[in-house]
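> Model the full assembly from the supplied sequences, consistent with the hints where possible.
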Amino acid sequence: MIVPRHYKEMPQRYKLQGNRCKACGKVFLPPRLVCPCGSQDLEDYNLSWRGKILTFTIIRTPPVQFKYQKPYAVAVVELDGGGTIQCQVTDTPLEEVEIGKEVEIVFRKIFSEGEAGIHCYGYKCRVV
Amino acid sequence: MRDVAVIGIGITKFGELWWQNLRELYVEAALKAIKDAGVDHLDSMYVGCMTSGLFCAQEHLASLMADYLGQRHIPAYRIESACASGGLAFRLGYIEVASGMSDIVLVGGVEKMLTGADATFALASAADQEYEAFHGNTFPGLYAMIARAHMAKYGTTREQMAAVAVKNHDNGSKNPNAQFPMKISKETVLNATPVADPLGLFDCSPVSDGAAAVILCPVDMAKKYTDTIIKVIGSGAATSTIALHQRDDITFLDAVHAAGKKAYEMAGLKPEDIDFAEVHDCFTIAEICCIEALGFCEVGQGGPFSEAGNTALDGKIPINTSGGLKSKGHPVGATGVAQIVELVEQLRGTAGERQVKNAKRGLAQNMGGSGGSSVVHILEVQ
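Same order as they appear, the protein sequences are chains A and B. 128 is the number that our numbering gives the last residue of the first sequence; the numbers go up by one with no jumps. 510 is the number that our numbering gives the last residue of the second sequence; the numbers go up by one with no jumps.
Each hint can be trusted.
Quick partial rundown of chain A residues pointing at chain B, CB under 7 Å, derived from the structure:
| hint | residue |
| --- | --- |
| 1 | E9 |
| 2 | T55 |
| 3 | R60 |
| 4 | T61 |
| 5 | P62 |
| 6 | P63 |
| 7 | V64 |
| 8 | F66 |
| 9 | V74 |
| 10 | V76 |
| 11 | T84 |
| 12 | Q86 |
| 13 | C87 |
| 14 | Q88 |
| 15 | I99 |
Derived lysine to any residue pairs resembling SDA-like cross-links, with alpha carbons at most 25 Å apart:
| hint | chain 1 | residue 1 | chain 2 | residue 2 |
| --- | --- | --- | --- | --- |
| 16 | B | K390 | B | D376 |
| 17 | A | K70 | B | P322 |
| 18 | A | K109 | B | D246 |
| 19 | A | K70 | B | L318 |
| 20 | A | K67 | B | A185 |
| 21 | B | K398 | B | G428 |
| 22 | A | K70 | B | L242 |
| 23 | A | K101 | B | D325 |
| 24 | B | K444 | B | G428 |
| 25 | A | K26 | B | A386 |
| 26 | B | K281 | A | L54 |
| 27 | A | K26 | B | D376 |
| 28 | A | K52 | B | D382 |
| 29 | B | K485 | B | T356 |
| 30 | A | K52 | B | G283 |
| 31 | B | K352 | B | R489 |
| 32 | A | K101 | B | T285 |
| 33 | A | K52 | B | M279 |
| 34 | A | K67 | B | A320 |
| 35 | A | K52 | A | Y121 |
| 36 | A | K70 | B | Q257 |
| 37 | A | K26 | B | T369 |
| 38 | B | K141 | B | G181 |
| 39 | A | K67 | A | V106 |
| 40 | B | K389 | A | C37 |
Everything labelled a hint here was simulated from the structure, so no lab data went into it. Glycine residues also receive a C-beta, built at the ideal position from the N, C-alpha and C atoms.
As structure tokens, then:
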């Protein structure tokens, strides 16, 4: 179950492939078939790899598959050109993570899942 | 639509109940409710439960619970909407009686969380699995991000959030079923072990075992069972994005606002007409955001409003008289039904030391995930 589940998400996790509503301009990751505005007219859109932190936290009590990474920061990032994502903040001292800081998106291993230890990759961000 | 009354309530102790399993918890609460109502049969049953699959590897709950309750062959339904499962089960039971389809309906909620399973992982399944949980975020983490944004936008302080925990423990100390019925100080909250900055351990509701149940019937029939008719006068439910980062405003619980609006409209009431409320304080910041979304104070003012004592037992609008999720405990599927149990206790005037004076109308607000679903009910004593 695990491999097919992640496989489907690879375009989003590896390339930030989402879409944009042609009616209202809203950007989505993952892509949606229907925009909350009601339109079904959406076009493919690759989200920007730059943005800024809207809010964040430092996780000190993680789920079991992240236990060796603690403490780590997770942020909501608003990307330049539209769309918001949630991801870890990496390569940055925890005390330098702040609301409003500019970040760039980077490709990283996120965790290893299950007894087989399958590596799951995706995006994180770092303060620039 | 027929008018519907709550005629029976039952609740277990909340806490680390190692000696009781999932079905025993449920049946204890359900039997208490049946006895309290004095009914001799059930027409159907709703079971609110979030994730017995991840905690106990048990699904197919509705039949299991009906069988062990001695009610084989009745129709039974298991309802899931994360932590709002109990509230949503109550709404569906209410709709079934109001519609005329059934007369006597039991609505129960249950969660057995202390099973050795990773509770942080299980609860994270209420978030967007592929786009929130995948990145290592947790429920304390999601509410911490709401808190951080609320602090930045409105100037809310950790002291104001701590006031919520202190007040709820004060109330919980008067509730014999509470998991943590001890009073705490503001310093205890502020100096607690950090869980997800800026939230510490005492900003978080606990992991709990427990169950609660209520019996519903038409108001016309209720007179046969009780002299104190407690009527459901408002019911509203709403959904929103389950991924926090896709909300238009991270600090505003739009599903809570929408569910509350529907319930107020149905009852023909305004927030100031409510005498007391149980709201979904899974974290201290959640209570602040919920009272804002329900209109008990202005948006952005939940922090100072709470710190000033407006939400205390003797305040302008007593909030979480039961101790709330924070002190009473939060067996997630049971919580929405347990809120209704508290409303009925208050409206009957049997809440003991935590009784609100002249309690005529109470509101219960249950919430799933970081606000992806919410259910609001208003009850009135006739």
